[in-house]
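2 protein chains.
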Amino acid sequence: MGLNMELDETRQRMDAAYDPELFRTAGHRMVDLLADHLAQTETAQRAVLPWCNPPENVLQADRFLEMAVPKIADRDALANHFAQLVQTMLARGLNLHDPRYIGHQVPASVPVGGLFDGVGAVTNQVMAIYDMGPWATSIERALVYRLGRQIGWSEPTFSGLVTHGGSLANLTALLTARNVRLGDVWERGALRSGLSPVILVHADAHYSVTRSAGILGLGTGHVLPVPPDDRRRMDPNRLDEMLRNLRAKNQPVVAVVACACATPIGAFDPLEAISDVCRRHDVWLHVDAAHGGAACFSPRYRHLVAGLDRADSIIWDAHKMLFVPALCAFVFYRCGAHQFETFRQDAPYLFDPAAPGLAEYDSGLRTIECTKRAAAFGLWGIWSLFGSQLFNDLVDITFSMGRVFYEKLAAAPDFEPLHEPECNIVVFRYVPEPLREAPVEQLGRFQLDLRRRLIESGDFYIVSTNLNGAGALRVTIINPRTEPEHLDRLMDAIRKHGRALLDSTDSRAVQGSQ
Amino acid sequence: MGLNMELDETRQRMDAAYDPELFRTAGHRMVDLLADHLAQTETAQRAVLPWCNPPENVLQADRFLEMAVPKIADRDALANHFAQLVQTMLARGLNLHDPRYIGHQVPASVPVGGLFDGVGAVTNQVMAIYDMGPWATSIERALVYRLGRQIGWSEPTFSGLVTHGGSLANLTALLTARNVRLGDVWERGALRSGLSPVILVHADAHYSVTRSAGILGLGTGHVLPVPPDDRRRMDPNRLDEMLRNLRAKNQPVVAVVACACATPIGAFDPLEAISDVCRRHDVWLHVDAAHGGAACFSPRYRHLVAGLDRADSIIWDAHKMLFVPALCAFVFYRCGAHQFETFRQDAPYLFDPAAPGLAEYDSGLRTIECTKRAAAFGLWGIWSLFGSQLFNDLVDITFSMGRVFYEKLAAAPDFEPLHEPECNIVVFRYVPEPLREAPVEQLGRFQLDLRRRLIESGDFYIVSTNLNGAGALRVTIINPRTEPEHLDRLMDAIRKHGRALLDSTDSRAVQGSQ
Chain A
1 MGLNMELDET RQRMDAAYDP ELFRTAGHRM VDLLADHLAQ TETAQRAVLP WCNPPENVLQ
61 ADRFLEMAVP KIADRDALAN HFAQLVQTML ARGLNLHDPR YIGHQVPASV PVGGLFDGVG
121 AVTNQVMAIY DMGPWATSIE RALVYRLGRQ IGWSEPTFSG LVTHGGSLAN LTALLTARNV
181 RLGDVWERGA LRSGLSPVIL VHADAHYSVT RSAGILGLGT GHVLPVPPDD RRRMDPNRLD
241 EMLRNLRAKN QPVVAVVACA CATPIGAFDP LEAISDVCRR HDVWLHVDAA HGGAACFSPR
301 YRHLVAGLDR ADSIIWDAHK MLFVPALCAF VFYRCGAHQF ETFRQDAPYL FDPAAPGLAE
361 YDSGLRTIEC TKRAAAFGLW GIWSLFGSQL FNDLVDITFS MGRVFYEKLA AAPDFEPLHE
421 PECNIVVFRY VPEPLREAPV EQLGRFQLDL RRRLIESGDF YIVSTNLNGA GALRVTIINP
481 RTEPEHLDRL MDAIRKHGRA LLDSTDSRAV QGSQ
Chain B
515 MGLNMELDET RQRMDAAYDP ELFRTAGHRM VDLLADHLAQ TETAQRAVLP WCNPPENVLQ
575 ADRFLEMAVP KIADRDALAN HFAQLVQTML ARGLNLHDPR YIGHQVPASV PVGGLFDGVG
635 AVTNQVMAIY DMGPWATSIE RALVYRLGRQ IGWSEPTFSG LVTHGGSLAN LTALLTARNV
695 RLGDVWERGA LRSGLSPVIL VHADAHYSVT RSAGILGLGT GHVLPVPPDD RRRMDPNRLD
755 EMLRNLRAKN QPVVAVVACA CATPIGAFDP LEAISDVCRR HDVWLHVDAA HGGAACFSPR
815 YRHLVAGLDR ADSIIWDAHK MLFVPALCAF VFYRCGAHQF ETFRQDAPYL FDPAAPGLAE
875 YDSGLRTIEC TKRAAAFGLW GIWSLFGSQL FNDLVDITFS MGRVFYEKLA AAPDFEPLHE
935 PECNIVVFRY VPEPLREAPV EQLGRFQLDL RRRLIESGDF YIVSTNLNGA GALRVTIINP
995 RTEPEHLDRL MDAIRKHGRA LLDSTDSRAV QGSQ
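These protein sequence lines map, in sequence, to chains A and B. Note that the numbering used here has the first sequence beginning at 1, numbered continuously upward. Note that the numbering used here has the second sequence beginning at 515, numbered continuously upward.
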């Protein structure tokens, strides 16, 4: 068979794969499957997590990759096969829209938000240069200005960008701070002599901050935690003291990293006092507001982020408390020009000298991604559809439920809340009668084992953490349809699995002593 | 109004925003709008790029953010508003599915691929730890093994991961190489004394490689280009010479970065010879196969990547020549254990000591993203739906069209192809009669101005580049429905806009001399 005939046949197969009517049929099937799935998930009657051991799940995933496929011209058979694949995805994923999902800082996203992202995926809208994604670039720009105004910047002298997640956002901002503060490190490499530059961080800062120091060639050993106050917040007086000592030694400071809020218990730093200290010492203040930035939308909780507008750089994850699908993280620079300090390069085939004014709109000059997904369609879509009141609602209802849960825990004799929550993150321990006198290590280990039993049962999905060296249970109420009764049921489920765990531990102890 | 009553009202608004029936109605509207859009786009009758100046587009995007929104209980009004938003997105985006889109290395993705990504977005499936995204983790793992076998690794001793784009993939692999090769740099920071470590790169390596050096604290000034051969490929003899000189000085080498293929003209490096040199000198070989990795699927073009399996690390973008929506980039390590050298940290609330075997499946230990989008659903979906023959087809048809276009250009007296294409990337100049004797700088500038006119007209979308210091036109045939007749029409469109540009330049010159 000659090359041309072969190519003709190939082209026919491609026409079938790109057939808009196949897309239409498959798309309608998908929408009904998803709508049914959401409706069922919200009733809280199935397993939140359909637990399956990883090797078995990988085997299942692989099985489809070598399965016989329908004839490419058979649209109905393809649509049926498509539906089977979607059903498998839905049956084997974590059900974040179940009100009993009270887990990580990843939300039950607003469902239609995912549709806007889907439009971007089907049409493959990307950025790097403006003319590659004119609308994706434009909505990102519009959102940067809107969110900047929520932060409290009235003049458009700030700048911002979207990137793929909070870790990458922290890295981007700290890279910029490093380049601004350490001069020629971009071209010549990190420090060649003298004292190592340091980053001063909230003692509970997200692990991506320490990682950033490792990535940037600063060294994780040069990340200095600032001692916290009694609410696990960065203590401005201790920060001041550390900065004074560093200045006395003439040791360079890349940045101070404060949190709004810190991950473990959701503690919000006193940003006004911290920014006063940073300004006095002339150091870069970066605020990780990945979770708490959304408080800017709520008159009731806005006080938590007072002073945020005084930071030099800020990150804010829309895929956390703005309830859009992952990943959509914002980086902001108070001084807009800093956005061009992140890199100092050009790529001639990308940035067009025939249209010099456009470079201002070329995302590739400012983000680690070159080709960048249109990550902000979901946010633009739900904001445009429901108005910004939506974000106020989402913050108010979930933050207030944090308090509701705390009060339930405090009132129960067999639960111990470990802090008063400032937002929707609550850390606690289940302390049944037999463990009341147990050492904290044993009690902590019990929480971790209990959590594993609980999530593998499918009854609830929560997470665990380590607080002051011992395990604890942790929830983030990040589904607006999680109601007080679900929290009561969570406590009952913990009691049930806790008792079973105690029993099995007892019987193991008995067996062990035989 | 009391807090409880307020919260009740808020909860009612949330019920409406999360209503599965609103989702269903909106979803079906979206599918029909997209199917109609695809059908119309494929007929190649609308503007490929609906050009609009950035400030005007940003204003339009912003307008929706402050528009009055429907009452949240009015499902029909919301669905209508939703449809209007989707229509706006479609009307203002770049139409990659138009066969006259022959632009960047970003494909007209297989449309149903975007639906699989849409399922992930609506249900917000993410990773970091296994139980957060059990199915997302499993399909990623299955695909890593399948692609690894395509590369040529028969034993499962390799490892891999998915990240958000080729730039981040290069950064991840080079970070790993840095940590493996430079010992304690992760904790102690980059070099404190001695000669600076260097990275040896293909002279045309993607800008993200140099950026990586800047990010990692190695310094962009320590990226050394290896002189190319006459086909713009890395010359193994020159590489050998450079490595010998570096060894003589005892200067550390972080990695050698080869390309399959390099961006400018799509040149594939002789990987077998290069890997021989690297092994002889015991240096880490990284291959940027973002674009060309897909050749592994094609018996006809596989020879281009012979030797790829001998690299220490490889990147391969599925969102390029595997035709899935952005972003879905793979990183591979030949020695699987290297995946844990990227970072050296833990986050207790993420990685569960109660289930130690699971950490092997926790993506957060290996990727710069903490929360990571389920970026591989699109690839898993179209592979499962159409079988791997799809990828063979896509490579064969687009690579062969590169040759077809080259022959057309070579046969035309007014076009000058600047290289013989190895794949679907072709760089050329339009050289009309009046410019035949023009200096190359003037000719180059003419190409850039011509390209801008062409894309703003909406007639075609191609890109420009800089080759040996002067502008040139560049196409990537990355839509399988771009046929030879579209390429004829492209040449005619270039002639038309070229003549208009010459005329306007002439008239400006006349005006200038008046």
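Think of the hints as simulated: they come from the structure by calculation, not from any bench. Think of the CB as a built atom: it goes at the ideal place given N, C-alpha and C, for glycine as much as any other residue. The reader is advised that the hints may include incorrect statements.
[As the list claims (entries may be wrong)] According to the in silico footprint, chain A covers these stretches of chain B (three or more CB under 8 Å from chain A):
(1) 565 to 578
(2) 669 to 683
(3) 759 to 769
(4) 786 to 792
(5) 924 to 935
| request: Examine the stretch 669 to 683 of chain B: at least three residues should have C-beta closer than 8 Å to a C-beta of chain A. | output: Satisfied; 5 residues make the cut.
| field | Within 8 Å of chain A (C-beta), three or more residues of the stretch 565 to 578 of chain B | value | holds (count 9)
| Per the coverage rule (Cβ-Cβ under 8 Å, at least three residues), is the stretch 924 to 935 of chain B covered by chain A? | violated (count 0)
| task | Mind taking a look at whether chain A covers the stretch 786 to 792 of chain B? Criterion is 3 or more residues with CB to CB distance under 8 Å. | result | Not satisfied, violated; 0 residues make the cut.
| Are at least 3 residues of the stretch 759 to 769 of chain B within less than 8 Å of chain A when you compare beta carbons? | Violated: only 0 residues of the stretch 759 to 769 of chain B have a Cβ under 8 Å from chain A.
In terms of the numbered hints stated before, the structure departs from hints 3, 4 and 5, listed from lowest to highest.
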